[in-house]
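Line by line, the protein sequences are chains Y and L.
Each position in the first sequence, counted from 1, maps to that position plus 2 in this note's numbering.
To convert, note that position 381 of the second sequence is 367 in this note's numbering; the numbers rise steadily by one, no gaps.
FYI, nobody ran anything at the bench for these hints, they're computed from the structure.
Among the hints, erroneous ones may be present.
[Stated by the list, open to error] Per the computed footprint, the stretches of chain Y lying under chain L, defined by three or more beta-carbons under 8 Å from a beta-carbon of chain L, are:
(1) 302 to 309
(2) 320 to 334
(3) 399 to 410
[Unchecked claim] Distance condition first, Cα-Cα at most 20 Å in a straight line; then the derived SDA-like pairs of lysine to any residue:
(4) Lys337/L to Tyr334/Y
(5) Lys180/L to Leu250/L
(6) Lys337/L to Pro337/Y
(7) Lys337/L to Ala99/Y
(8) Lys308/L to Pro337/Y
(9) Lys167/Y to Glu185/Y
(10) Lys81/Y to Gly98/Y
(11) Lys337/L to Gly314/L
(12) Lys337/L to Gly98/Y
(13) Lys308/L to Tyr334/Y
(14) Lys337/L to Thr357/Y
It should be emphasised that the depicted structure is a prediction, and the values quoted were computed from it without experimental measurement.
Even for Gly, the Cβ is constructed at its ideal location relative to N, Cα and C.
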Amino acid sequence: MNYFFERCRAIALACLLLAATAIPALAGPFEDAIAKFANDDFSDTDEAVGIIASSGNPQAFAIISALQEGRLFADPDSKKVYLTGTDGKSADAATGAAVAEVPASAAAVRLNNRLRRNIESALGGLTLMSPDPAKRIASAQSVFKSHEAALLPVIDAALEKETNKAARTAFAEARAAILLYKEDATEAEKIESIAIIKSRGDQDALALLTSLPPDQTLGVTRTAASAITAIKSRQTLWSISQNAWYGLSLGSVLLLAAIGLAITFGVMGVINMAHGEMVMIGAYVTFVVQDVIRTSYPGLFDYSLLMAVPLAFLVAGILGIIIERTIIRFLYGRPLETLLATWGLSLVLQQAVRTMFGPTNREVGNPSWMSGAFELGQITITYNRLWILCFTLAVFVILLAMLRYTSMGLEMRAVTQNRRMAASMGIATSRVDALTFGLGSGIAGIAGALFTQTNAYVTLTVFDFENSAKVMVMLILGGTGRLYGAFLGAAVYMVLEDYFSKLSPTFWQFGIGLEPVAGAVLGKIAILVLIILFIQKRPRGLFALKGRAIEA
Amino acid sequence: MTPHFLTRTLDRSATIFILIVAAVGIVLPLLNLLLPADSPLQVPTYLISLFGKYVCYAILALSIDLIWGYCGILSLGHGAFFALGGYAMGMYLMRQIGSRGVYGNPVLPDFMVFLNYKELPWYWYGFDMFWFAALMVLLAPGLLAFGFGWLAFRSRVTGVYLSIITQAMTYALLLAFFRNDFGFGGNNGLTDFKDILGFNIQADGTRAALFALSCLGLIGAFMICRFIVTSKLGKVLIAVRDAESRTRFLGYRVESYKLFVFTLSACMAGVAGALYVPQVGIINPGEFAPGNSIEAVIWVAVGGRGTLVGAALGAVVVNYAKTVFTSGALAPYWLFMLGALFILVTLLLPKGIIGTVNAWLDGRKARDNANADSAEAEDGIIKPDLEKA
């Protein structure tokens, strides 16, 4: 709150000057109130805050916020009160006339917790008239939470003048909150208020309704109860979408890794146990890029990811080509041996990275355009996850286009479908193999670069066994041999995982009907068991190619 | 007059192997127990336990070789059967602690008292009796393997897919055993054992006896494997390995053969685990880690897939190397070594040590024969070697 008010200080003065044209300045009570600050008595200060806040005086906001921040000084002898602005200039609080400096006899007006609360709400009331709609909404929100009955007239006045739609809603909600808690409000008013609060439907609304004092009429209690149920079930929906969003955005990184694997395993039939290490290498490339930028070109930090992603692709891709040329090409047709050799490779790569970068976590930052979040309904969408999703989709689209429209893609598809015929047609199959493997590894590298943006650090286990297993499972679910198999498998998997690991009372209440006994770990076990059972039924995945080709 | 199956089971190399293992199993404990501590030939007890560990690994390697080398099933989850056997033995050992635990509860093991268990979970019943635990050492891995194999082989899951789901299986068990509420000691596992069958588990004599028993176990496992692979059943297994569809079309029920050998192999792995736990003194969920199972596969590959002696030899050699590397200044390079081993063995030594030596010997024999019988043209018979993968 403090931060917020500080930022708004500059416009605040201007807005209060505007407000002052509407409300004539009241000479007497305002000065009297200010003098009360000098009494050094908490209840006098409280009274003064109340009077000043409702006075409409242009100085009111400056005075109260100065009080809040300990910049209001009172001289007990002369009963004069001074305030120091944020710019360090001092003024007489009552007249607004500048003074050279605050007399040494003046002491800062003391506060206690009750006063601080009242000051907060008073400031909230004062900014209700701000010309900036965002500020009006924010203060209406704070009134909504405090439901301070004294502010009702101010809210009513504000509501009358309000033209901004969002601000009107906020004021109406604030008014409803006040009315609901006002003891002398009629039943009809209260029920109407509940309807408004219900339509707001967030956590604050729920809190407001549940903490309603018990001495209400039957109608109010009933309406409130039904509103609570309605809000809760709506919140469940929101939390499902929030979870789905999280699943989608984290899943998108895994999806990239799965696409990479779909290329090497699905298309080429090469099982690469070092695939997770390719992801790790992509992540460390990002770290190195950011490290170089931090030490040498700090101004370029915002572009770090844009550099890291292609570089991660290149490094992992070239490494993939080297691996294919030196190890894998000797093992074609011997999948079990490939599995063992690439497992060994993963050990070597892990240890190499550990030797180079140490076993501890290394920090990776978000570029500024990937930091922050915005709200969509009740879902918080962070920019980094949104961008990751965009990157993923872009890579997926580029990859599909490459396979569809370039000669390289054509050769890849030809070699996949019929290696010998492709070779007879003059395609250099071994070159295509190397490039295909490099492509799969490079995409895993991109996945690693993006993965760093989800957790702001990079570590050896950035893509640990669990994630590798997940990716493998996605591929098994989706079926190999087609790229979109990985896509669908990832989607199915993320839904399953979300479903099992987030089984919670809320979900249970929502009617899924499973006893909420399963925790996150049990969720994983359940998935693994399900996969083991699933593979019995559909050994080639949900979306497998049909026909004799698969037996090759 | 030896029975027919023995002469068939024990060719010359098998006999040599058994004799060596038996000699080691007798001599090392004697050197440990009988010689005075300052004698240069005295084998310290820690070495006995260390070698005991290698012998248990050798049994595990045999069980993997039986299914991978002879039936083409690459299980990346055999560590799970090993660990299950180990847990069954560990549970017996836990119950033997009795009231000597830290909390002094006569029935509940320490970790249960610590986790506020009020009474023994039902699946711990019976583990105070050795015969029951010994039965469980066979049954727990055996039943799991039977259930798993029944599902997998019946729906014809083969190759890498099978390898990956065995890996998923051991990983699922790893996660499960890490849970405290699973009732097997959570991530600390089972440890602080006191006695086995009334003997102090720390005593030199018990250690030596356990070592001798492990050697006996190795011999037994080897004999069983030899018996199987030299029988008609073994020939069918090799046929399944080399041409599964063709074997099926010839009228064999491939999945039944696979299921039998897979279950048997799991039981053997369980026995290895059960012998391993009292010698190492602890069993924890880390034994389920997928990496362990894969490492066991590489022992077999190093020694020689499809040669039983090779599997046992590979387990001992690789683990000895591991001990040497990880205890010295070279520790950071061990994973490089292990990784390189995986790559180099599969690329350059696909038959493993024994397989390569055998091939070389056969080649020389064939040359000799050819030289000796050069006058009689090309009838130098090369004995078809079953152990050649």
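Violated hints - listed by number, lowest first: Those not satisfied are hints 1, 3, 5, 7, 8, 9, 11, 12, 13, 14.
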